[in-house]
Structure formats: C-alpha cells, structure tokens
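2 protein chains.
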Amino acid sequence: MAKIASRVHSIEVSAIKQMPIIASRYSGTIRLDQGIPDFPMPKPARDYVAEAFRTDKGITQYTLQPGMTQLREAVSGSIKDKYGVAVDPENELFLSAGSIEGLLCTALTFLERGDAAALFSPAYEPHIQQVRLAEAEPVYFPLEEGSWRPDIGALENELKKGAIRLIYVCNPANPTGTVFTVGEVNEIAMLALTHDAVVVADEAYDFLAYDKPYTSFLPLFPEMKKNLIVTKTWSKSLAATGLRIGYVVACDEYLREMLKVHDSAVISAPTPGQYAALWALRNPNEAEKAVEEFRSELRRRRDLMHERIRGIPQMFEASTKPEGAYYFFPRMAFGGDSVDFASTLVREARVSVVPGAPFGPGGEYHVRMMFGAPVDMINMAFDRLQQYAASEDFRAYVKRVQKIS
Amino acid sequence: MAKIASRVHSIEVSAIKQMPIIASRYSGTIRLDQGIPDFPMPKPARDYVAEAFRTDKGITQYTLQPGMTQLREAVSGSIKDKYGVAVDPENELFLSAGSIEGLLCTALTFLERGDAAALFSPAYEPHIQQVRLAEAEPVYFPLEEGSWRPDIGALENELKKGAIRLIYVCNPANPTGTVFTVGEVNEIAMLALTHDAVVVADEAYDFLAYDKPYTSFLPLFPEMKKNLIVTKTWSKSLAATGLRIGYVVACDEYLREMLKVHDSAVISAPTPGQYAALWALRNPNEAEKAVEEFRSELRRRRDLMHERIRGIPQMFEASTKPEGAYYFFPRMAFGGDSVDFASTLVREARVSVVPGAPFGPGGEYHVRMMFGAPVDMINMAFDRLQQYAASEDFRAYVKRVQKIS
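Sequence order for the protein chains is F and V.
The number in my numbering is simply the position in the first sequence, starting from 1, with 8 added.
The number in my numbering is simply the position in the second sequence, starting from 1, with 8 added.
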C-alpha cells in the first residue's frame with residue numbers, strides 16, 4: 009500500500025459532490041444538492057456547437073494552451089464593454105476548465121506550506137480544499153448568521169499579522185448568497201493593497217444579484233494588478249456546467265506562473281466549451297436575454313422556496329431570502345448534525361440537500377438547498393420534506409439527535 | 009508582487025505547448041509540434057455528439073464527479089472484453105479531463121517533498137513537471153540512444169535505495185516511440201511489487217504500435233492493485249484532443265484519494281467528451297475501424313518522414329523508425345542547442361518542431377517531430393527544411409553554434 013501525500017490525506021471530496029453520488033443510490037430522489045439549474049443551454053448556442061461538431065474539425069482539437077486567440081480577444085472586448093477596463097488578451101487572461109481549474113492554478117501558484125488564506129465562512133467548500141491541497145492553512149472570518157455580512161474589521165486585524173497571502177471573495181457567495189456591497193468590495197481591495205495580499209474574486213454568479221446592484225472586482229484590475237485575480241465562468245450564465253469553461257484574469261507576471269499549473273492540469277480548456285463561450289460573446293443580446301430569463305425565473309423560485317421553508321418551522325428556522333446565487337442556507341431548527349441530517353433526508357424523504365458543516369465555521373446546523381430546480385420539483389421536494397417533518401419518524405429522529413448533543 | 013510558490017517557480021510551461029504559441033506568431037508555419045493528428049473525429053461520433061447538443065440537456069450538465077455511471081460501466085465492460093480482467097466501475101475507475109488530469113491527480117496524491125519518481129528519459133515532459141509540482145524529485149533512467157531501450161537493471165539498483173514511490177512508464181513512449189516488450193513490462197511490474205513502488209502506466213498511444221505486439225499493464229491489475237495505476241485517453245484513438253477525456257484505473261483505496269484532487273481540479277470530466285467516449289464503447293466495430301485507418305495512415309506517414317529525415321543528413325542523424333506513437337526524435341547532426349534550433353526553424357523555415365532538451369537527460373541535441381500531419385504537409389515541411397539546410401544561412405547558423413559549444 010503506497011503512502012498518501014499529506015496534502016491529499018488532509019482533505020475530503022466536497023460534500024457538494026458526495027451528495028449526488030449518495031442520491032444516485034436512491035431512485036426517485038429529488039436533487040436540491042449540486043448547483044445545476046434545470047435550464048437548457050440557449051438553443052442557438054447548442055445549435056452553434058452542434059453545427060461545429062458536424063463541420064469544423066477544430067472543435068475536437070486542442071486549442072492553444074491559454075485558449076483560442078479569437079476567444080481571448082472576445083473576452084477582453086466584452087470586459088472593456090462591460091467594465092470599461094483593458095485586459096490584454098495575450099498576457100492577462102486564460103481560458104480554464106471551469107472556474108474551479110482556474111482556482112486550482114491560483115492556489116497552487118500562490119500558496120505553500122506556512123502560508124495562510126482568508127475565507128469568509130461559511131465558505132465555498134472547494135476553496136477550503138484547494139487551500140489545503142496547496143499545503144496552506146485556511147483562516148476563517150465568520151459571516152454574521154442570517155444576514156451573512158462580512159466582518160471586515162476582523163479581516164484587517166488578521167492581515168496585520170502578515171501570514172495571509174490570498175483573500176477569497178466568492179461574490180455572490182456560495183452557500184450564503186451574500187452579495188458584497190460596493191463599500192465592502194472597496195474596503196477589501198484597499199486592505200489587500202495595504203497588506204500586500206491578493207484578492208481571489210470568484211464571480212461565478214455575477215449575473216445573479218436579485219435585490220441590489222452587483223459590484224465586480226474587475227473594474228479595479230488596472231489599479232490593483234499585483235493584488236487581484238478574478239475568475240469567471242459560463243457554467244451558470246450559459247447553463248453549461250458540463251462544458252467546463254471559464255476564464256481567469258491576472259497580471260502577466262502571475263499569469264505566466266499560473267499557466268504552468270494549467271498546462272499540467274488540463275493542457276487546454278475543453279474546446280466545445282470554448283466554442284459555446286465564443287457564441288455567447290459574439291451574440292451578446294441573445295446571451296443577455298437568456299441570462300435575464302434565468303434571473304427572473306430564479307427569483308420566482310427563490311420566493312417559492314422561501315415560503316416553503318417557512319412552512320416547516322419544526323425543521324428549519326425561517327431564513328432571509330438570499331441576495332444572490334441560487335442557494336438557501338437555512339439553519340436546522342433542532343440542532344443535530346448536518347451531515348447525518350442530509351443523509352437522513354435522502355433516505356427518509358428522497359430529497360438531497362448539502363450538509364452545512366463542510367462549508368467551515370458557521371456552516372454546521374445548516375443545509376444548502378439549491379433553487380435551480382423547476383417549480384414543480386421544488387414543490388414536490390417540499391411536500392416530501394413537510395410530510396417527513398410531520399411524521400413520527402422525524403420526531404423520533406429529532407429526539408435521538410438532541411439526546412446525543 | 010506576491011510570492012510564487014516554489015513548486016511552481018521550479019517548473020516551466022512544457023515546450024510542447026510553448027512551440028505552438030511561438031508558431032502562431034509566424035503565419036504560414038507548418039506545425040509538426042504538438043501531438044494533434046489531422047484526422048477528424050469519426051463522423052458517426054461527431055453526429056452523435058451534435059445530436060445530443062440539439063436534444064439532450066444532459067450533455068451540457070455536470071455528470072457525477074467520477075463520470076457518468078453508464079460510461080464507467082461501459083469502460084469496465086470494454087476492459088473485460090479486451091484484457092480479460094475485472095475493474096469495478098463503481099470504485100476502481102474514474103473519467104478524467106484527458107490523461108493529463110488523471111496524471112495530475114496521481115502525482116499530487118502519491119508524491120510529496122522528499123519522495124522521488126522514476127522516469128525513463130527522454131521522458132514525456134509533463135510527467136517531469138507534474139513530479140516537480142508535487143514537490144518530489146524526478147530520477148532519470150536514460151533510454152539507449154537510437155534504440156531507446158530501457159535499462160531495467162539501473163532502475164532496480166535505484167529502487168533498492170527506497171526513495172522511489174512512482175515509476176512512470178509511457179508506453180508507447182512520447183517522444184521516443186519506445187514500445188515496451190512483454191519482458192520489459194513484466195520485469196518492471198515485478199520490481200514495483202518487490203520494492204513497493206507504484207507503476208504509473210500512461211497508455212495514451214496504446215493503439216499505435218507499428219512493428220510488434222503491444223503489451224498493456226492493465227492485465228496485471230488484479231495481481232498488482234496496490235502497485236499499479238493506468239491512464240488511458242480517447243484524445244488520440246478518437247482524434248478528439250479538444251474534448252479532454254480519458255480515464256484512470258486504480259484500486260478503490262487509491263481512487264478515493266485521487267478523486268479528492270479530481271474534485272478540486274475539474275469537478276467532473278467535460279460531458280461532451282464523455283458522450284463521445286460512450287459512442288466509441290457502444291460502437292466498438294466502427295471505433296476500431298477508425299483506429300485501424302489511423303494506424304495504417306500513420307504508418308505510411310512514418311515511412312515518409314523517415315525517408316525525408318534521411319534526405320537532410322547535414323541537419324539530422326539518420327534515426328530508426330519509431331516503434332509506436334507518432335513522433336520522430338532525431339539527433340541534430342551538428343550539436344547546438346535544441347531550444348535555440350527549434351526557434352530558429354520557426355523563424356527561418358516556418359516549420360515548428362519541439363526542442364528535445366526539456367524532455368530530460370538524453371533529450372538535448374534532438375528535436376521531436378510529429379507525423380500526424382497529412383502527407384502533403386509533411387512533404388512541404390521537409391521541402392522547407394531541406395531548402396534551409398542547403399542555405400548559406402544554415403551553414404552560418406551551424407558555424408555559430410559550434411563556435412559557442
């Protein structure tokens with residue numbers, strides 16, 4: 009039996025990926041676990057990719073290692089249009105296999121043993137795993153329960169100690185839905201500049217702020233090139249999680265280093281995803297129309313799930329509506345263990361949610377529920393949860409877990 | 009300026025990916041660099057994927073983290089058919105974003121500071137980079153110049169010292185074309201078992217042995233589960249490098265650990281590639297027919313390139329034909345620096361090849377030339393090389409490099 013490296017021994021497969029595997033063993037389970045909205049990719053994008061598979065050999069071949077030249081130019085153009093800033097398509101961005109691979113390149117490039125990375129917590133679990141994979145230590149800054157607002161003062165105090173290299177900002181945040189205000193974004197940026205840390209802005213849900221304007225870190229790129237890395241993805245905005253396509257913006261000195269990891273990780277981003285992204289950038293009106301439909305439909309589903317959560321107070325504390333992304337993160341009303349509870353819900357109610365504990369401090373006693381599922385499915389899931397919550401079995405379960413704790 | 013982690017600082021973007029970027033700056037350059045054969049993916053496979061893009065939402069969505077259940081079952085079935093051994097589709101294999109991502113998971117899972125990994129050299133350069141990315145040390149076992157046969161005795165002596173965790177076997181080998189004999193495969197397997205090392209069998213070119221039977225490590229899996237990891241890919245056999253799809257076979261204890269890295273690297277393998285692989289496994293006759301066409305066409309191109317290399321003795325020493333894969337690795341007839349020579353060839357002859365030095369000891373004074381390009385292209389490239397070799401400029405170049413060395 010070979011020895012397992014300590015960097016891997018110390019981490020887990022994210023609960024977000026474990027729950028679908030558990031759910032797949034119970035047929036008929038309704039999945040509110042992994043972040044896959046039920047929308048299809050917009051039809052003209054699918055037609056464009058399908059046509060390329062029939063007629064364009066390029067779609068099945070490697071691209072240049074940082075991505076297709078015309079796609080990098082189109083990304084740079086769209087950043088200029090949207091945020092008014094210049095990003096050099098040749099030296100300041102590359103196409104990644106989803107955001108996650110860009111984030112892996114970031115962690116392995118900037119973190120090593122003895123370093124620390126700041127995470128607002130509950131945090132997006134893969135950020136935690138990637139920090140550990142890079143042999144660094146996560147330092148958590150708990151968001152305020154319920155409102156999920158960050159405590160920037162606490163971050164500042166820790167930055168003064170000097171060990172923090174990266175500050176992860178998942179905005180809108182997964183799993184809490186926090187949308188960072190313009191004030192919070194500017195304060196964090198200023199702290200990074202002052203203390204020579206690098207903000208890692210994971211902006212996968214940038215089009216999903218429901219109640220207030222969204223503030224990206226990208227417009228700050230020219231002033232904080234040495235202190236900012238931004239990752240974006242088409243997984244959510246094109247409803248194309250399976251195509252594994254995103255991009256990373258970083259200054260040229262950083263990008264050169266990150267591309268070494270990218271090269272060792274996937275060689276080049278999957279080409280069908282690059283074609284789909286090119287469609288979106290060349291057809292901004294159609295792509296934006298799809299995004300608006302997603303957003304308005306998701307707002308409707310959010311309001312529905314909010315009502316349904318309030319309908320089972322013996323199971324969940326009433327939570328505020330998330331400001332962004334597509335997850336509720338309600339507190340369990342009865343204490344207990346979130347990992348055990350999530351398994352129990354699959355088994356007893358055939359509803360799969362993600363336990364909160366793996367998202368770090370502040371995550372325990374919560375579960376994450378995705379509202380990307382269609383209305384009928386959300387209703388059916390909550391009918392099941394409600395039925396289970398009203399059952400003798402659930403009362404017995406609550407009694408048992410309360411006795412343990 | 010943020011500090012760059014030493015694991016990344018110590019490596020380079022592989023020359024295999026740098027040459028295409030350099031080549032893209034000189035229009036009209038003929039590319040014999042990166043391993044992209046010019047074949048299209050078989051038409052029925054392209055039609056299958058295209059149709060799924062039009063009608064099946066699943067092709068744009070995440071799959072389960074280890075890959076689609078039906079695909080894992082089909083892979084297991086094809087291994088059973090082809091090699092007669094049982095691989096549990098649930099616990100002993102996962103779908104990766106090309107071989108490279110499976111190999112990254114391997115390096116990060118089994119290697120850490122203080123460990124060593126054995127590589128037959130000239131080695132596939134990304135293996136070297138991945139070993140370094142995992143903070144371990146590569147130990148090289150030079151293949152015999154020209155015949156490119158391994159020295160198994162040297163490997164045994166080093167294994168006795170106890171630091172070697174992984175033994176990389178790229179078979180057929182990139183860049184040398186070495187096809188390991190059944191005797192060599194069995195000897196290496198026995199050494200791994202005896203000295204408790206793990207063979208990492210990278211079998212990307214398993215269908216491309218031209219002159220003698222091919223010996224996979226896979227049939228040995230049942231007897232050496234704790235000492236063997238096998239990676240395969242459809243990149244070459246389906247002519248689908250851009251789809252980024254391959255798989256890894258490992259025992260369940262190892263797979264569980266490797267999936268943590270997979271999760272942090274790409275979440276799940278790109279879904280369009282998984283569909284293409286499913287097509288190949290469900291249509292083995294059609295897929296095998298395409299593979300036979302590739303092989304017979306590549307044999308023809310190999311013979312052509314062999315003749316053409318012999319036609320410019322002032323540039324290359326006559327080399328034997330490679331036994332497998334689709335690369336020649338001839339020695340430069342005039343000494344010099346391979347990195348400088350490769351850049352010079354792009355600039356002066358508009359032909360892009362890969363310098364040999366980055367492939368490790370034994371690689372310097374060689375270049376790698378891919379014969380996946382069509383016959384006309386190979387001829388045109390060698391017409392250019394021949395013309396340059398006959399020029400005053402080339403004689404001046406040779407004089408200059410010989411003076412330096």
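There may be inaccurate statements among the hints.
Any copy will do: because identical chains look the same in the list, a pair fits if it lies in one copy or spans two.
[Stated by the list, open to error] Below, computed lysine-lysine pairings styled on DSBU-like, alpha-carbon distance capped at 35 Å:
#1 Lys11 <-> Lys297
#2 Lys90 <-> Lys11
#3 Lys407 <-> Lys90
#4 Lys51 <-> Lys65
Hints were generated in silico from the structure; no laboratory data involved.
Only a predicted model underlies this, so the values are computations on that prediction, with no experimental measurement involved.
Consistency of the hints with the structure:
no.: 1; hint: Lys11 <-> Lys297; in the structure: neither (52 Å within a copy, 42 Å between copies)
no.: 2; hint: Lys90 <-> Lys11; in the structure: between (49 Å within a copy, 31 Å between copies)
no.: 3; hint: Lys407 <-> Lys90; in the structure: neither (54 Å within a copy, 55 Å between copies)
no.: 4; hint: Lys51 <-> Lys65; in the structure: both (22 Å within a copy, 10 Å between copies)
The structure does not agree with the numbered hints 1 and 3 stated previously, though it agrees with the rest.
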